[in-house]
Amino acid sequence: MITTDICIIGAGPVGLFSVFEAGLLKMRCHLIDTLPQVGGQLSEIYPHKPIYDIPGYPDIKAQELVDRLMEQIAPFDPGFTLGERVETLVKQDDGSYLVGTNDGTIVHAQVIVIAGGLGCFEPRKPEIDGLLDFEGKGVEYMVKNPEHFRNKKVILAGGGDSALDWTIFLSDIAEHVTLIHRGDTFRGAPDSAEKVHELASSGKIDLVLQSNLLSVSGNGHLKEVSYVGRDKVNITQKTDYLIPLFGLSPKLGPIGGWGLNIDKSAIEVNTFDYSTNVDRIYAIGDINTYPGKLKLILCGFHEAALMVQSAFKHVYPDQKLSFKYTTVYGVNAF
Amino acid sequence: MINIIVEDRDGEQQPVEIPEDISLSLMEVLKASEYNVLATCGGMALCATCHVQVLEGLDLLPAPADAEMDMLDTLPDAGFDSRLACQIRIDERLNGMIFRIRGDEQ
Chain A
1 MITTDICIIG AGPVGLFSVF EAGLLKMRCH LIDTLPQVGG QLSEIYPHKP
51 IYDIPGYPDI KAQELVDRLM EQIAPFDPGF TLGERVETLV KQDDGSYLVG
101 TNDGTIVHAQ VIVIAGGLGC FEPRKPEIDG LLDFEGKGVE YMVKNPEHFR
151 NKKVILAGGG DSALDWTIFL SDIAEHVTLI HRGDTFRGAP DSAEKVHELA
201 SSGKIDLVLQ SNLLSVSGNG HLKEVSYVGR DKVNITQKTD YLIPLFGLSP
251 KLGPIGGWGL NIDKSAIEVN TFDYSTNVDR IYAIGDINTY PGKLKLILCG
301 FHEAALMVQS AFKHVYPDQK LSFKYTTVYG VNAF
Chain B
1001 MINIIVEDRD GEQQPVEIPE DISLSLMEVL KASEYNVLAT CGGMALCATC
1051 HVQVLEGLDL LPAPADAEMD MLDTLPDAGF DSRLACQIRI DERLNGMIFR
1101 IRGDEQ
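Protein sequence lines correspond, in order, to chains A and B.
Mapping the first sequence onto the numbering used here, position 133 (from 1) lands on 133, and the numbers just tick up by one.
Each position in the second sequence, counted from 1, maps to that position plus 1000 in the numbering used here.
The hints are simulated quantities; they were obtained by calculation from the structure and are not laboratory data.
Since the structure is predicted, the reported quantities are computational estimates derived from the model, not experimental observations.
Check the hints yourself; a few may be wrong.
[Unchecked claim] Here are some, though not all, of the chain B residues that point toward chain A, as calculated from beta-carbon distances under 10 Å:
#1 ALA1032
#2 ASN1036
#3 THR1040
#4 GLY1042
#5 CYS1047
#6 ALA1048
#7 THR1049
#8 ASP1066
#9 GLU1068
#10 MET1071
#11 ALA1078
#12 MET1097
#13 ILE1101
#14 GLY1103
#15 ASP1104
#16 GLU1105
[Stated by the list, open to error] Examples of chain B residues lying across from chain A (beta carbon under 7 Å, computed):
#17 SER1025
#18 CYS1041
#19 MET1044
#20 LEU1046
#21 MET1069
#22 ASP1070
#23 ASP1073
#24 PRO1076
By construction, the Cβ of each residue, glycine as well, lies at the ideal position given by its N, Cα and C atoms.
Next comes chain A alone, as it looks inside the complex (with noise of 0.2 Å):
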């Protein structure tokens, strides 16, 4: 189990900016997030994108902006769950929480402060007949370790970048890669298509246009994925697994069932402290809501300077706080 002062879920900005102003009075921070990175929709959607409202920055690309909120907080010794989803919440008898991810992890904090952005980032799902009871049994939405489909036959599906990029790596490992994509063209990354069209015509991988997802069959265990090919002519083929790779969709989560006033998917907050209905329980950044809410990185930043204020009560309950300058004090490393 981990022991912590605040636990943080979701590792963007606001929530990796949380471990600085928690750590200027002396709260130690987890954070924990569904992406195997850090950085959120930053580092997942527009890494490459220059944002023009960070104060002190004409422009800065949103990766570098993840990265130098890396650095600031590099002094106050953050850790990390990545790549897990927060699953469970247990109030204890002290009014401490218990946090569980859907892979075990436990995190035991004072106080929780969700700074969630839009939701858990969640594979997007193509509907199509018996998709959910195929899921972990031949259905796999993410390549998490490519060994795991060492000569094994696999049937990719999508035409964006991940779908290509997959695909290619895969055509090393697997016993057969195919993969199918609804249009006749790829249009992103010009050199990973080129790749794929090469390994398609060296007979290395198949490659299926036009071609739409019907449905997947199979007895305990994925068998078949019959799909609609070119000329409309339904096709069953056999394979190990399927994985489908048709982007990423923000979702509340299990966070929508912990008791919190919830307006269209945001947390209702108290603007004095940024903390919700729930005792301990803070929400910062994109995902909460309150008369005026502008969903700013730089707003979250804000809140997160107030709501460390507040949550010190709960951290050093006998503790007066006092509100000192880091000009005047600096920042005094872990």
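Could you slot chain B onto chain A? The hints should help.
Below, chain B alone, put in the same frame as chain A:
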């Protein structure tokens, strides 16, 4: 005024009236009109959650840029008439067009 028709996920069509001089995308107009559109990326053609089908008037729209086509390619349910609402600028050409909302819900 520019008049378009928007079909929600339940198949109900409603007229939407938009002032001509408004400098917004269709996605922003849909959100402002209280339609349930996620628009995760805020309009950068980077998430495909503002996916719409153009039921009437597809030919009158400027062709999609590569970034938009690329995102549409990632969707499991996109068709020849699919567009990203965030990449459609509001102007007179949209008069009379019919859009069906398809993207992920909030």
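Which of the listed hints are broken here?
1, 12, 13, 17
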